[in-house]
Amino acid sequence: MSGDAKAVTSQVADVPLSPHFGWAWWLSLLTAGGLVGLLGYTLISVSIIGVGVWGVNIPYVWGFDLINYAWWIGIANGASLFAAILVLRRHDLRTAVNRFAEGIALFAVICAGIFPIFHLGRPWLFYWTFPYPATFQVWPQFRSTLTWDFWAISTHVIVTSLLWYVGLIPDLATLRDRARRPMVQGIYGVFALGWRGSVRHWAYHQRAYRLVAILVMPLILIMQSTVAFEFAVTLVPDWHETRQPLHFVVTGLAQGLSIVLLVAVLLRWGLRLGRYIDEGDIDLLGKLVLASALVAGYLYIDEIAAALLSGGLTQEATFTRMTGEYAGLYWTAIVYSVVIPQLFWLRSARLSTLGGVFVGASIGIGIWFDRFSIIVGGLQTEYLPSIERNYSPTLPETGLFLGTIGLFAALLLLFVRILPVVSMFETRHDEHEEKSS
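The working numbering runs 154 ahead of the 1-based position in the sequence shown.
Mixed in with the good hints, there may be bad ones.
Estimated spans, in silico, between C-beta atoms of each pair [claimed, not checked]:
#1 456 with 496: 14 to 20 Å
#2 354 with 458: 54 to 60 Å
#3 396 with 477: 22 to 28 Å
#4 456 with 477: 17 to 23 Å
Since the hints were derived computationally from the structure, they do not count as laboratory data. The structure presented is a predicted model; accordingly, all values stated were derived computationally and were not measured. In this text, a Cβ means the ideal position worked out from N, Cα and C, and glycines have one as well.
Produce the complete structure using the sequences and hints provided.
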């Protein structure tokens, strides 16, 4: 590798190879680790006592478990779809954001996979959802949404991991060659798969990278639609709607983009990566987030119009969600995910670190309230007065949610510490093209 090429990416490579990382990272990891401990405690409680520690009860058979599952899946799908599109279109933005966008998708789907397993009540029997040769011929119920979750999560983990890992291989070889400690060099060398940077290696790498990106496209649309079908296949009036898959796909994309923007501005500020994640990248990300918020707003308007044209039960259920006990959730979702992002019409807001954190977090919070409104608010209409009640999450449910946020943050912090958060081989390629033009 030439000295110029080495200098281009030296700052990115120095981050994971540095023996010391600073007190801020350790403090963040300690905080995230505390939340992971809370996650472990709540999971043990659910395993020993059962799902009775949650606040779900007839008619609210689903609560934080499905809300958080749908929320994390939305982040994973939105980030994966965004990264795959950038790879296939060879857009310049991929150099700045693809590496950590793929990481966000993988970590989010890991967090999402926790909820279907522990929602079983007996999580140690999760393998019953697998289509394995059973001695007693007890096969999975393929009409069960739990079985759908198994296929969706397992496929998502495999394809997202491949997209992330294939993109990492050239950079792992770079870290192998630059590492000074033999053990670190050996670890990076194993995962670099003998990469030497030959023309043949590059040809195979680019084909594999684009092939996996192509696989991501239909997977994400099917995956997000599957989450929506878990509602649409029921007879609940406000769920039994063909618009649900489109709503979940669009809001999931907005959610994924917002988290990518949030992480981008934090990495740019915290690791001083302004050279690699420049103002143009942040500005374009802000515009994409704004566009996705506008499309989400259009879908909310479409939901109201569809309710006005629907039959009696569907219309009543939809407007009950908008005006009933949980109406605050519905309107909070609109304010956070549609109204607040309109700040990005201002270029100064798009380029501001504080603005990126505020709007990115706002959309993520808004979509969480949207999932709450759909799942809990959609069940509040009950026809037997004897079982009328409200849903209120318990401390174990809240701890489980906060714990998955801690797990996501811990995985992201470890990723930042161990691997390059910006694609070094793409950066060198872009720098070479700029000099030759």
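Taking the hints in turn, this is what the structure says about them:
1. 456 with 496: 14 to 20 Å: For residue 456 and residue 496 the Cβ distance comes to about 19 Å; the hint holds.
2. 354 with 458: 54 to 60 Å: Holds: the Cβ-Cβ distance is about 57 Å, inside 54 to 60 Å.
3. 396 with 477: 22 to 28 Å: holds (24 Å)
4. 456 with 477: 17 to 23 Å: 18 Å Cβ-Cβ, so the 17 to 23 Å window holds.
No hint from the list above goes unmet by this structure.
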